[in-house]
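Next come the chains, spelled out residue by residue.
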Amino acid sequence: MQEDFHYYATYCAAYLAGFNHKESMDICYSAQLVDLCSRTFLSKLRAPLSAATTQLQLEMMDARTDPIGLQDITRIWASFHFLPYDLYADVKKKAGKQYKNKYRLICNTNGDLLVDTVALAKDKGAQAAGIAMHILADTWAHRYFAGTPSLVINNTNYYFYEIMPDGTEFPVAFGHNPSAKDDLENHKYTNSLYQSTENTIMNLGHGRAGHLPDYSFIRYRYLPAWGDYKEIIKDNPSDFYHAFCQMIYALRYLNGDVSEFEKDTYAWDIAEPYKDEIMAIIEKRQLNACDDWKSFGEKLSGEEIPPFELSKYESEYTSAEKTEKNETFLGKFILAAMAQKSMVTNKIFKSGNSLAGFSIDFAEKGFAGIKDYKLLAEYLKGGLGA
Amino acid sequence: MTKWQRIENFIIGIVIMLGGAVLALAGSESVPLIVLLLALSLVITGLKMLIYYFSLARHMVDGDQILIQGLILFDLGAFTCTLTNYSTVYIMGYLIAVHAFSGFVDVTRALEAKRLSAPSWKLNFSTGVVNIILAVLCIVFLRSESIAVYIYSAGLIWSAIARIITSFRKTAVVYITPS
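Chains as they are written, first to last, in my numbering: chain H, 1 to 386; chain Y, 1001 to 1179.
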């Protein structure tokens, strides 16, 4: 998903869930920040680099794909953009452990980790809520791909067709120029280059399907590399509407209006009066739906939704004293991001899968490992900033 | 990283570093050895692709392509091993491709980091410039055996140092049970 959904649609969902304008702005700002909080951004703030929630395109090109580099990539992408559905999934009988570990990182909706993610954000503020909403929404857009570089899971081939609203189909023509704009009229899209190396960054997530999973209007069918030649029909308008209604429900839980967050539950009733309007935005054939979602959000709240500005909270963070940083907007985002990454890494590690790296349980073994997490440990134990 | 992976990484790093130093000291005498190393790397890549096919890619749609590519690379490497007439141009071609690509990526990354006002841009920019200078040197001295050997050896020593540093890095993520 992109800014239109993570920022503007998340604002709408938060407002419909009962948050006021200011709270909704904080939530949607945090949801969108997940796509921009890279190591480059954090190094500018002199903040812990382990809080990175994404990698810039050039950071990825430069990223090492040795085991340590791969674990770092997997931690970021599996924790925030491709939440694994079932870490203990049954795989083909003859498949080895290496294949099983990759297969089990495939993202899908309504997994156990989604419940853990939303529960982790409870009572942790707008930043944690925004991060959780980003992850939840991405489970719908990015389903069937894994947040780890893998040819055998994430590859696609020539069998890729766009399905138009009237049922006609067009073969998708993929090119590889990253600066080329997708051409909706002629069904020409950009995807990552085919490389036969398993762990190359080109095979991360939905790179081989281009931006198609991120467009709300599109429907397509293709053969996923892991699917034994069985095609998948991806209906994004339906998935994006599900995501929107599930966000409202999850935010109502975070707001205290619902006592428990359960899988496969949606706030259909709250969205129903606006369904036609929402579906019209979702199904409109356009590369970016920001303007439409913005208008809808402003109509809902009667307030202006300013455009996302990355530098908005930078000076508050950089000028704060060391002991006060955790109480700033970005400080809270950083802590929430590290908590999420730590939780997902731990679940993956405990399932016997080392693709996201090693996890040390603080309660059992005390502090050891990456130094950045000391910040989180001290904060949660009532140290810094408490 | 497990303890064994750290030890393995460290030992491989030391071996590569010593190998790089020996090649540099031997000067142009080591050209046949470098060509042999490049040929062997093709053989190993081919073998790795065959192993990859049998362990992972056979489960994948279109996985047969990996099998075919592995066989071709293995065959090409085996053929190169049998060549008796070595040419520095092979080594230079390899070095130009590697350094020009790394240099391009580093400089582009530095420019992006600079745009975001991140301090890391200076380091990226300088490593990018060094890589591009090395690629240019390779083009200028396309037929110089000693330059080819020195640049190849320097690349080996650099990757060995990176490997050794990695083996000492703390890599585990700390998990704090939510309260």
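A portion of the hints provided could be inaccurate.
To be verified - Covered stretches of chain Y (in silico footprint by chain H; criterion: 3 or more residues with CB under 8 Å from a CB of chain H, positions within the stretch not fixed):
| id | stretch |
| --- | --- |
| 1 | 1013 to 1026 |
| 2 | 1030 to 1040 |
| 3 | 1097 to 1108 |
| 4 | 1161 to 1170 |
As the list claims (entries may be wrong) - From the derived model, a few chain Y residues whose C-beta atoms are all more than 10 Å from chain H:
| id | residue |
| --- | --- |
| 5 | H1059 |
| 6 | M1060 |
| 7 | V1089 |
| 8 | A1113 |
| 9 | N1124 |
| 10 | I1139 |
| 11 | S1146 |
| 12 | A1154 |
Stated by the list, open to error - Computed list of lysine-lysine pairs in DSS-like fashion (alpha-carbon distance at most 27 Å, straight line):
| id | chain 1 | residue 1 | chain 2 | residue 2 |
| --- | --- | --- | --- | --- |
| 13 | H | K350 | H | K100 |
| 14 | Y | K1170 | H | K322 |
| 15 | H | K93 | Y | K1048 |
| 16 | H | K92 | Y | K1048 |
| 17 | H | K97 | H | K294 |
| 18 | Y | K1048 | H | K371 |
| 19 | Y | K1170 | H | K312 |
| 20 | Y | K1048 | H | K100 |
| 21 | Y | K1114 | H | K97 |
| 22 | Y | K1122 | H | K100 |
In short, the hints are calculated from the structure, not lab data. Computed from a predicted structure; not experimentally measured. Even glycine gets a Cβ: it sits at the ideal position worked out from N, Cα and C.
Practice problem: Confirm or reject the statement that I1139/Y sits farther than 10 Å, beta carbon to beta carbon, from all of chain H. | Solution: holds (23 Å)
Quiz item: Residue count check for the stretch 1013 to 1026 of chain Y against chain H: does it reach three with CB-CB under 8 Å?
Solution: Check failed, 0 qualifying residues.
Exercise. Sort out whether K100/H lies within 27 Å of K1122/Y, counting only the CA atoms.
Key: violated (42 Å)
Quiz item: Taking only the CA atoms, is the gap from K1170/Y to K312/H under or equal to 27 Å?
Solution: Violated, at roughly 33 Å.
Quiz prompt | Satisfaction of hint between K97/H and K1114/Y, Cα-Cα up to 27 Å | solution = With Cα atoms ~43 Å apart, K1114/Y and K97/H exceed 27 Å; violated.
Quiz item: Can we trust that H1059/Y is non-interface, i.e. its beta-carbon lies farther than 10 Å from all of chain H?
Solution: violated (6 Å)
Quiz item: Against chain H, does S1146/Y keep a CB gap of more than 10 Å to every residue?
Solution: holds (30 Å)
Self-check item: Beyond 10 Å from every chain H Cβ - status for V1089/Y
Solution: For V1089/Y, whose nearest Cβ neighbour in chain H is about 26 Å away, the distance exceeds 10 Å, so it holds.
Self-check item: Status of A1154/Y, Cβ more than 10 Å from any chain H Cβ
Solution: Check passes; 19 Å lies beyond 10 Å.
Quiz item: Has the given pair, K93/H with K1048/Y, been kept, meaning a C-alpha gap of at most 27 Å?
Solution: Holds, because 23 Å separates the two Cα atoms, which is no more than 27 Å.
Quiz prompt | 8 Å C-beta test of the stretch 1097 to 1108 of chain Y against chain H, three or more residues | solution = It holds: at least three residues are needed, and the stretch 1097 to 1108 of chain Y offers 3 whose Cβ sits within less than 8 Å of chain H.
Practice problem: Decide if the proposed pair is consistent with the structure: K1048/Y and K100/H, CA atoms, cutoff 27 Å inclusive. | Solution: holds (19 Å)
In summary, the structure is inconsistent with hints 1, 2, 5, 6, 8, 9, 17, 18, 19, 21, 22 from the numbered list given earlier, while agreeing with the others.
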